[in-house]
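Given next are the chains, with one letter for each unit.
There are 2 protein chains.
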Amino acid sequence: MIVVPAERLLKLGKDIFKAQGLANEKAEFLAETLVEGSLTGHDSHGVSYFVIYSERIKGGHIKVDAEPVIVHETPTTAYIDGKYAPGQITAKKLTEVAVAKAKEHMVSAVGAFNCNHIGRIGYYTNWAAKQGVIALFFANVGNPQVAVHGGEGRTFGTNPISVGIPTGDAKPFLTDYATSVVAAGKISVAMAKHAKIPLHWTRDKHGKPTDDPFAFKDGGWLLPFGEYKGYALQLVSEMLGAVLTGSRRGMDPDQIPPSTNGIFMIAVDPSAFVGLETFREGVDDVISRVKEGKTEPGKRIMIPGEPEWETKDARLAEGIPIPEETWNKIVKFADELGLKIEDY
Amino acid sequence: MIVVPAERLLKLGKDIFKAQGLANEKAEFLAETLVEGSLTGHDSHGVSYFVIYSERIKGGHIKVDAEPVIVHETPTTAYIDGKYAPGQITAKKLTEVAVAKAKEHMVSAVGAFNCNHIGRIGYYTNWAAKQGVIALFFANVGNPQVAVHGGEGRTFGTNPISVGIPTGDAKPFLTDYATSVVAAGKISVAMAKHAKIPLHWTRDKHGKPTDDPFAFKDGGWLLPFGEYKGYALQLVSEMLGAVLTGSRRGMDPDQIPPSTNGIFMIAVDPSAFVGLETFREGVDDVISRVKEGKTEPGKRIMIPGEPEWETKDARLAEGIPIPEETWNKIVKFADELGLKIEDY
Chain D
32 MIVVPAERLL
42 KLGKDIFKAQ
52 GLANEKAEFL
62 AETLVEGSLT
72 GHDSHGVSYF
82 VIYSERIKGG
92 HIKVDAEPVI
102 VHETPTTAYI
112 DGKYAPGQIT
122 AKKLTEVAVA
132 KAKEHMVSAV
142 GAFNCNHIGR
152 IGYYTNWAAK
162 QGVIALFFAN
172 VGNPQVAVHG
182 GEGRTFGTNP
192 ISVGIPTGDA
202 KPFLTDYATS
212 VVAAGKISVA
222 MAKHAKIPLH
232 WTRDKHGKPT
242 DDPFAFKDGG
252 WLLPFGEYKG
262 YALQLVSEML
272 GAVLTGSRRG
282 MDPDQIPPST
292 NGIFMIAVDP
302 SAFVGLETFR
312 EGVDDVISRV
322 KEGKTEPGKR
332 IMIPGEPEWE
342 TKDARLAEGI
352 PIPEETWNKI
362 VKFADELGLK
372 IEDY
Chain G
32 MIVVPAERLL
42 KLGKDIFKAQ
52 GLANEKAEFL
62 AETLVEGSLT
72 GHDSHGVSYF
82 VIYSERIKGG
92 HIKVDAEPVI
102 VHETPTTAYI
112 DGKYAPGQIT
122 AKKLTEVAVA
132 KAKEHMVSAV
142 GAFNCNHIGR
152 IGYYTNWAAK
162 QGVIALFFAN
172 VGNPQVAVHG
182 GEGRTFGTNP
192 ISVGIPTGDA
202 KPFLTDYATS
212 VVAAGKISVA
222 MAKHAKIPLH
232 WTRDKHGKPT
242 DDPFAFKDGG
252 WLLPFGEYKG
262 YALQLVSEML
272 GAVLTGSRRG
282 MDPDQIPPST
292 NGIFMIAVDP
302 SAFVGLETFR
312 EGVDDVISRV
322 KEGKTEPGKR
332 IMIPGEPEWE
342 TKDARLAEGI
352 PIPEETWNKI
362 VKFADELGLK
372 IEDY
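Taken in sequence, the protein lines are chains D and G.
So the first sequence is numbered by our numbering: it starts at 32 and just counts up by one.
So the second sequence is numbered by our numbering: it starts at 32 and just counts up by one.
Bound-form chain D, shown alone (with noise of 0.2 Å):
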């Protein structure tokens, strides 16, 4: 592992991304969201896409100078075509508007299609949530690794949810993660390392569980979450990420440009319940109660987010681990584009 500095990286992303003819701000909001992720622990959503979205941008899948367009609007809704831009410009386009939206009509619901891949979800929710909404962010996958409950093969991408609500302080309730059991990210972690996996994660290309993560790779699969539960969910995500806003399917066959994202967001603002700083106290007392709760012996009791602000404060204070093969790729790039490494 090399330990960078995230200061380092934001900068360093910047560059790469604006050496590709991102304008400025675009290219500092993505390496923002790409960095955030590495910070928060979510490593399968984090610096590794310096590399990985500049090859979308060579193979002009991600359109540098593409502006996402509201195609259809209401006083609460808006459906976006996201024009191939780099995912995170639309994602941030659809939660603006959702916010501002919600904040006028007290409830929005806004959907956005032709959008590459956003990275991690729970970036959207959790800016949502920190302007006092609760937004729900529904995104299908057009990569399909996950079979579905009772069936065999891969139908669907990992179709995240991610829930952010409002709390007392500057750190909101976050759910965020992959309606599979684990996210493909785990299984290359897993992979590097060189590690077994549990048997609930994935099955091998004949069907049968293995604790080998290179059986997924060679043709296997991961499971949904929770048995029946947690696929019902991986559906609700392909039917509102992927159905209602006209995005590739993750079953569908022509899968160019590699892993899009459908992306649903609906915010709704508590003033019209109990109200924003009632909500804000009563959500802040519900997780004061459950962490002061008697805990299993050996375990702790996290509240939603709480992994990712811990594993971001530690990250500030003592850089971001980055695997020796990832960080060499960047290095690499950077050098391609012109970028001397020991500027940043």
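Everything labelled a hint here was simulated from the structure, so no lab data went into it.
Check the hints yourself; a few may be wrong.
[To be verified] Cut-off 25 Å, straight-line C-alpha distance, at most; resulting in silico cross-link-like pairs (BS3-like, lysine-lysine):
(1) Lys239/G x Lys330/D
(2) Lys330/G x Lys325/D
(3) Lys239/G x Lys236/D
(4) Lys236/D x Lys322/G
(5) Lys239/D x Lys322/G
(6) Lys325/G x Lys248/D
(7) Lys236/G x Lys330/D
(8) Lys239/G x Lys325/D
(9) Lys236/G x Lys325/D
(10) Lys248/G x Lys236/D
[What the hints assert, rightly or not] Per the computed footprint, the stretches of chain G lying under chain D, defined by three or more beta-carbons under 8 Å from a beta-carbon of chain D, are:
(11) 87-99
(12) 173-181
(13) 302-312
(14) 359-368
By construction, the Cβ of each residue, glycine as well, lies at the ideal position given by its N, Cα and C atoms.
Fit chain G to the known structure of chain D by using the hints.
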């Protein structure tokens, strides 16, 4: 088991509630939702409530002539005081208002407090989906039975969530489940049969895994489904169902009246996005492609809602099986009200 035709239960249920002072239409609706619970296989939310609700009416907890009222309203939202009317009456109003507002303004959010037990939440999302809107429902249950992930003891109710999505036929896509591994009703079923239960359903009062369903009743607790992911949803249901609506929280000490629900629905009209007909076609397409997929040996691929529709078709044809003890209680109670069972 006694097998009783749905028609007979509908008439009997209506008269049981009418005999206690409910207006004809309200009595009919209560009976309908409970018989529908039994028809769809959700026996834990079925006709056994003919008697349970009646006890709550007798205790003054369910107010037969109360009318839920909207205390705060905007074009897209409504905030309802249920006035401790029968919970079904409050949930019906919430659903009707949410659907009407979504149809007029594309998206809506409606919440209610002072709400008694509403029965199976899928009843309402199913109804909304049939009207052509997408409905998301979050309910807290003011009757703690479930531990938090990593914790011990009863902290929250079974806090169900449901999503109803329109399809091309009269059978919506419908998720509808407790955020615990199983609903408490399944433990009761195992107790009635003196059957063992899987180890991941509950803990006994000492926090130990157990296959004995009676250990749950004797101070044990249910576990959230899907480890930290289901736990996160359990909390989301609490934050939206209870905190946002100002309802009693699961862990509140004052558990009077018994088993309230804090309820919250979001409704979205697909017209704001791809349009209702395209959406229906897309949902049907995903469903049929999922069902055509390869199955695990000995398994079936089911779509959320399908088990309920299959059970309903069978029970409409063959009658509803009711445990003898439950049936005897209903008959005895009807008799006390002056209703002769042979008239039904």
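Here is what the structure says about each hint:
no.	hint	result
1	Lys239/G x Lys330/D	14 Å, holds
2	Lys330/G x Lys325/D	39 Å, violated
3	Lys239/G x Lys236/D	36 Å, violated
4	Lys236/D x Lys322/G	20 Å, holds
5	Lys239/D x Lys322/G	21 Å, holds
6	Lys325/G x Lys248/D	19 Å, holds
7	Lys236/G x Lys330/D	17 Å, holds
8	Lys239/G x Lys325/D	14 Å, holds
9	Lys236/G x Lys325/D	12 Å, holds
10	Lys248/G x Lys236/D	43 Å, violated
11	87-99	violated (count 0)
12	173-181	holds (count 3)
13	302-312	holds (count 5)
14	359-368	violated (count 0)
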